[in-house]
Structure formats: structure tokens, C-alpha cells
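K.L.:
Here my numbering is used: the first residue of the sequence shown is 1, the next is one more, and so on.
Quick caveat, the hints were computed from the structure, so don't treat them as lab data.
Note that beta-carbon positions come from the ideal geometry of N, C-alpha and C, so glycine has one too.
Accuracy of the hints is not assured; some may be wrong.
Restraint ranges, calculated between C-beta atoms of paired labels, are given here [unchecked claim]:
1) Lys42 to Arg101: 48 to 56 Å
2) Phe23 to Ser61: 53 to 61 Å
3) Ile27 to Ser7: 42 to 50 Å
4) Glu48 to Leu86: 54 to 62 Å
5) Gln28 to Glu54: 15 to 23 Å
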Amino acid sequence: MLDWQVSLGNVITIALIVLSFLFHAAIQAIVITRKAALVEGKIDRLDERMARMERTEAMLSEVLIKVAESRTEINLLSARITDVQLHGSHRLAEILGDLRRKDHGA
1 MLDWQVSLGN VITIALIVLS FLFHAAIQAI VITRKAALVE GKIDRLDERM ARMERTEAML
61 SEVLIKVAES RTEINLLSAR ITDVQLHGSH RLAEILGDLR RKDHGA
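I would like the entire structure built from these sequences, with the hints used as guidance.
P.N.:
Okay, here's the thing in C-alpha cells:
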């Protein structure tokens with residue numbers, strides 16, 4: 001049979017081993033918490049950047065649409081001026097402009 005003896009040295013050793021495991025677990029919990037906080041901070045910064053990029057993209061889209069509309073209007077006005085110069089009639093230029101608009105709309 002095994003003869004068990006408990007001594008003060010054995011109890012202190014076991015207590016120190018248990019305490020070391022507890023301290024190790026506490027330190028690992030702190031490290032994991034700090035890393036999680038860093039990752040969360042990076043995610044927050046990325047969310048802010050994405051929001052700014054979405055606003056910028058929306059603004060650029062609006063600008064491009066306005067530029068395209070302005071360019072179309074300039075082309076239509078240029079054609080109308082050319083018609084007035086060629087035909088000398090404002091009414092004829094309006095009729096031709098309406099026809100062009102219908103062609104662009106179709």
C-alpha cells in the first residue's frame with residue numbers, strides 16, 4: 001500500500017503551484033483583454049474611415065451626375081445657337097431643340 005504523508009513543505013508547494021496557475025490565468029486574461037481592446041479600436045477606426053469614404057463617394061457621384069447634366073445642356077444649347085445662326089429663326093431653333101431632346105430622351 002501507499003503510505004501518504006502530508007508535510008508542511010508539500011502543502012506550501014501545492015499552494016504555490018495553484019497560486020502560480022491562478023496568476024498565469026489572470027495575466028493571460030489581461031493580455032487577451034488588451035488585445036481585444038486594440039482590435040476593437042482598429043475596427044472603430046476602420047468604421048470611421050469607411051463612413052468618410054461613403055460620404056466622399058456619394059459626393060463624387062453627385063458631382064459626376066451634375067457634370068454630365070451640364071455637358072448635355074451645353075451640347076443642346078450649342079446646337080440651338082448653331083440652328084439660330086444657320087436658320088435665323090428662334091422658333092425653328094426651338095422646334096429643332098425639342099426634336100433633339102426627344103431623340104436624347106428616347
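K.L.:
Each hint: holds or not?
P.N.:
Structure-based check of each hint:
Between Lys42 and Arg101 the CB atoms are about 53 Å apart, so this pair conforms to the stated range of 48 to 56 Å. Roughly 57 Å separates the CB atoms of Phe23 and Ser61, a value that falls within the hinted 53 to 61 Å. A hinted range of 42 to 50 Å for the beta carbons of Ile27 and Ser7 is inconsistent with their spacing of about 30 Å. Against the hinted window of 54 to 62 Å, the Cβ-Cβ separation of Glu48 and Leu86 comes to about 57 Å, which satisfies the hint.
A beta carbon spacing of about 39 Å between Gln28 and Glu54 contradicts the range 15 to 23 Å that was offered as a hint.
Going through the hint list in order, the structure does not satisfy hints 3, 5.
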